[in-house]
Amino acid sequence: MAAMNMLQAVNHALVLAMEENERVMVLGEDVGHFGGVFRATSNLQQTFGKARCFNTPITEQGIIGFATGLAAQGSTPVAEIQFADYIFPAFDQIINETAKFRYRSGGQFSCGSLTIRTPFGGGIAGGHYHSQSPEAFFAHIPGIKVVIPSNPYQAKGLLLASIRDDNPVLFMEPKRLYRASVGEVPEGDYELELGKAKIIKKGTDITLVAWGAQVEIIEKAAVMAEEQGISCEIIDLVCILPWDAEKVCRSVCNTGRLLINHEAPETAGFAAEITTKVQQECFLNLESPICRVCGLDTPFPFAHEKEYMPDHLKTFEAIIRTVNF
Amino acid sequence: MAAMNMLQAVNHALVLAMEENERVMVLGEDVGHFGGVFRATSNLQQTFGKARCFNTPITEQGIIGFATGLAAQGSTPVAEIQFADYIFPAFDQIINETAKFRYRSGGQFSCGSLTIRTPFGGGIAGGHYHSQSPEAFFAHIPGIKVVIPSNPYQAKGLLLASIRDDNPVLFMEPKRLYRASVGEVPEGDYELELGKAKIIKKGTDITLVAWGAQVEIIEKAAVMAEEQGISCEIIDLVCILPWDAEKVCRSVCNTGRLLINHEAPETAGFAAEITTKVQQECFLNLESPICRVCGLDTPFPFAHEKEYMPDHLKTFEAIIRTVNF
Amino acid sequence: MKNRNHVSKIGSSHIFKIIENALTDIPMFSLLQENGCLHAEVSDCEINKNTAAKILQTMHYIRILDERMVAAQRQGRISFYLACTGEEAAIIGSAAALLPQDMIMSQYREQGALAYRGFSTQEFMDQLFSNQRELNKGRQMPIHYGSKALNFMTISSPLGTQIPQASGYAYGQKMAGEPAVTICYFGEGAASEGDFHGGLNMAAVLNCPVIFFCRNNGYAISTPSEEQFAGDGIASRGIGYGVKTIRVDGNDALAVYVATLKAREIALQKQSPVLIEAMTYRLAAHSTSDDPSSYRPKEEESLWKHRDPIVRFSNWMKQKGWLDETAIANFTEHTKEQVLAALKEAENVAISGIDEIIEDVYDTPPWHLKQQLSDLKTHIAKYPKHYPRTSGRL
Amino acid sequence: MKNRNHVSKIGSSHIFKIIENALTDIPMFSLLQENGCLHAEVSDCEINKNTAAKILQTMHYIRILDERMVAAQRQGRISFYLACTGEEAAIIGSAAALLPQDMIMSQYREQGALAYRGFSTQEFMDQLFSNQRELNKGRQMPIHYGSKALNFMTISSPLGTQIPQASGYAYGQKMAGEPAVTICYFGEGAASEGDFHGGLNMAAVLNCPVIFFCRNNGYAISTPSEEQFAGDGIASRGIGYGVKTIRVDGNDALAVYVATLKAREIALQKQSPVLIEAMTYRLAAHSTSDDPSSYRPKEEESLWKHRDPIVRFSNWMKQKGWLDETAIANFTEHTKEQVLAALKEAENVAISGIDEIIEDVYDTPPWHLKQQLSDLKTHIAKYPKHYPRTSGRL
Ligand SMILES: Cc1ncc(C[n+]2csc(CCOP(=O)(O)OP(=O)(O)O)c2C)c(N)n1
Ligand SMILES: Cc1ncc(C[n+]2csc(CCOP(=O)(O)OP(=O)(O)O)c2C)c(N)n1
Ligand SMILES: [Mg+2]
Ligand SMILES: [Mg+2]
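Residue numbers (my numbering), protein chains in the order written: chain R, 63 to 387; chain W, 63 to 387; chain L, 240 to 633; chain C, 240 to 633.
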């Protein structure tokens, strides 16, 4: 075990994957010699050579198209999109190509070895274009998996599992935690199973669900709520697609209440999917409406970032409202 | 009044808009002399000249970028994307540019005059790439409006309203209805207000919501249900963003039950947003879980299209289940 | 870290000059005259009799298949078809220059390349009828062929997407040390997509052994090429990317064959991309959903009918003394029967069972897909008449 | 319908030849030697004294602004800044050749063009401090300037997106009969995006009066241009699109000015796009978030420091007898004071009130945004200390 931050954890996972399998290749803008704008790919080119870790021209659609073909050929590409805000030029490749590759060919061809890494989320004074949380778009794309770690331990274990998983995985890294989140991480190889949520804390009055950097927000709100005598069950969803509906529903059937927190705009965000499934499965157990605490339905603002964010205070207030319904 | 199909209604709206305002321009792949692959833009080039109705090269990202700039300059572009399945190369322009144009400039610049027309949906043996229903992706983009007509009368009135509306509008045309849906349409100018749902039939036991071509599916299911003594209230949502939550919630507060039908894959589809809002507003009125009847979470299959579709029988069965909950 | 100077190779000039349109004259390479005679300057050419015969035979085969299936679509037996009439030389001539280990990524009009590789008539028919024997399990519209065994990537409809994929595929071949290249076909219309730009640029920078083969057939559905681009075609774009480029007469099977042979050699030996632009004409309608009479005059078509690549290549074969007319006649006769028989067989094979609807979305179906399938099966069982193609086999 | 023949202008050749890399030699146009003397071949040039003086002054202004704001970022007074050091001639020389009615769509490193247009120091500062006086209402990160009054489109971060927008904007200007063009700035890195391809091709086909101005400064963050493209730069791509093209020495303000003047004339008179590639060097770090020392040697930078465009242009002005050194010294002095004063003022102005958070998403806020704002205000009112920048003004 060693204390490391999330960037180091990501880097460790990449090193292990590249050591283990020479078909693992890392590509993206500035990922080469420089090691990426966040340094997540530091030293990979130096260690594994330019053929296995290389800069690409600035064309996200090209990067994902290239990586999809590379995966189909039998390699294991790990493509980086510099910011999730810049993944949209590749949206067509992802939805129409990557995600449908195996299905449309009757299983003859597959790009399942592909992993796409991308930093996302706000809280770093990034304004419109360095803050977005686009996970809900990808949740509506059958054929891919969407994974979001919330600490260094998860980051390493999930990234290794994603790279080895035989499905295209979008691995979204909450960049606010890159250096902020530090924790003990095993130095060796390990995997965390994809598709599993994690119960962080048991509780009886309300279930709180979040993912990525927002997990610490609901934890903070829970502390405030506990002071008011409200017992919160806290779930880190970890995977957005497929997501662990069973664990969330089981929890809500016990607590009778659910709050979901995400940074993305509220309308048609992923909280809506969770709500819909849970109200279906736990209808008779629900004691109050399922509650969302989300970003506003605006572009991500720069000067008003603090006001925009679904922070612990908004979450705390919503817990109180939900419990007092 | 004249009987016309949806294509003719769209064409009429375009003619009126171009006659009224010489800054209205129509652009897209094959929309020129040929009149578009569905002939929605027939004769526009012949009538208004090549400068105002023109073919573009095959670059959806270019088309929407171009049209966004054209709108910012003061023109009123109506851009066609040949199939909604091919809108994704333009996804970045739409989400990062078109939708944020006014906000990011503090209202200094706007591309609000832009309208994007695109045919969507299944039921025409189109397989993966001529069948998709991507409305939920766009519902998660603050800054645009999303409008979907379900008959020729709506098509004309809503398209005119969309072209004149001072916000970018994505106008999605259910192509299965292009020729199949025929109805009386006023020959003159009229507009239908954006953002308003339409109650097609009053009822007391359950509210059924759909849009576009699926409206006739829920109508058909309602007929079957009525034969079993179940009274259905039928709502055509018409607008996806912003959507008429008030009307839907009012209906559900009366009926106590809600079923939503859409063609798109279930997970993270727009039904989830409706469900979430309704369970929040009508919690105490709900007598059974809100129910979705949707496409499967797979790419749109060719040979299994019939099985894939959320048809009237699946809807009928779901009505029965919901009422008997 | 080394000092670099990104302008060191660029000269300078002190007289203002603007680079005008079509600065670079890129003539098209052709070997056969329209009558099938070799051009005077040409002495010999690198093709053996068997290959030439196979090219000719495949061209005939595809012409028959196309004609029959366009008719089958008119009869309502299949929902959609797309012919390559007039472009057989470009497609088949290039495919003939490849080896079986080379990956083919096509747009949708390259059935000739697939036939050349050995795709059987029955395999064509099974795809066109989307039955359960179809290699792609009937999941896509007709003409979206694919065959892992033949190294022919399953086709997808979105234009241009296969271009960067081909670059990546070729990069993988290189990394794996395979003595193989990837060929990527597309139309001059698809070359307008952003994916074309990303794909060619990446291939050039990353030295991928890929052949980009553009069929410039003058039209993209109704859009004539002068409304598609203002340059002189697609070849001139190669210069901008630093990609080695060849323009070839796409109706001259021999020239296409020779050009692709050289391109393959360069791609493999120099591990670098090559762009080929084949100048040809889409004699067919865009697809069975299209009627070109509303956007181009019949006389224009006739002009190109006279440039029929099959006639031209036959004439050359004849002059070579390589043409076996009886064999061709027999082959044609036999093919027609075979196509009809395979068609009849394919249309009577059932579509895949309903379990297949959720397979291959992921390596194994996750919980929500399993749930959806089980609900669907219960539903079908309740209304078997309504889902006749799958209800018998739940 | 007319007969058309899309191959009529293409010649043919019967000898196989492959078009190799860099077939077209596109030299860069330059007027000034590094020491500021006119090249021997050059006799005179089309610039008047006032314009020259304004170019020089603006170059000095931007250098001062950049230095001060990089320092301000280091002091933690602003969160982000991005300098254009070394590229002043390319940016300001081109802006000087435009008229006020021409629309400028920039990437993010063209503050010099904005300054030339008359953006005030206070306006710069208000943007950099995202205060409520900022024209874009503080909604974006620092350096995302925009001014409707100055025809300078608000900057957005996604690379290349402004390129097809510029084509469309210019098309609109043409349709409205305006005697104006659009200029679109971008880096050689951004030119790899698919939007570049779509934008240039559309402009060429649709005859848009737009100047595409590429700053080829050798780097895209850490990525050197040889890992960005394999051709000889961006100019050679113009040929492929049939776009008139000019390559210019981007450190020679005079050559840039003259080239842009001609480009504007052609764009307007022929209603056609023109591509300019300015060869220059990003002396600055990519932004304040970047440290170039890990990807390029100091000696490489020094080489280019010796090609300082301000020094070169000053020397020429001096030789012309146009340089007023005292005036420059006064201006520099004054600017430094003015920048500091404006900075201090801007940092004390509040950010926009919270109502602005939902304005301008739509023309008028729909029900859900109104609801969200009202909830937010109630919340802020409950926790005023937590939202100090807006709670005082609910
Ligand atoms: C991304 C995308 N946009 C639009 C279409 C619709 N479409 C299908 S074929 C076609 C024309 C293609 O022309 P070209 O590339 O020249 O090929 P050709 O048909 O001439 O062989 C168009 C616009 C599509 N399939 N994909
Ligand atoms: C679509 C997109 N992808 C990636 C980025 C991240 N990014 C910001 S600047 C930059 C480099 C741009 O280089 P260049 O165009 O040469 O301009 P320069 O910085 O040299 O002026 C990158 C990759 C972005 N802003 N947008
Ligand atoms: Mg074509
Ligand atoms: Mg650069």
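Among the clues, some could well be false.
[As the list claims (entries may be wrong)] BS3-like mimics (lysine-lysine), calculated; alpha carbons at most 30 Å apart, straight line:
1) C:K537 - L:K241
2) L:K509 - R:K112
3) C:K557 - C:K501
4) C:K544 - L:K248
5) L:K544 - C:K241
6) C:K557 - R:K282
7) W:K368 - L:K624
[Unchecked claim] If we take Cβ atoms under 10 Å as the criterion, some of the chain R residues that face chain W in the derived model are:
8) R114
9) Q123
10) G169
11) I292
12) L348
None of these hints come from the bench; they were simulated from the model. A quick note: this is a predicted structure, and the numbers were derived from the prediction, not measured. By construction, the Cβ of each residue, glycine as well, lies at the ideal position given by its N, Cα and C atoms.
Violations among the numbered hints, reported as their numbers in ascending order: Per hint list: 6, 8, 10 and 11 violated.
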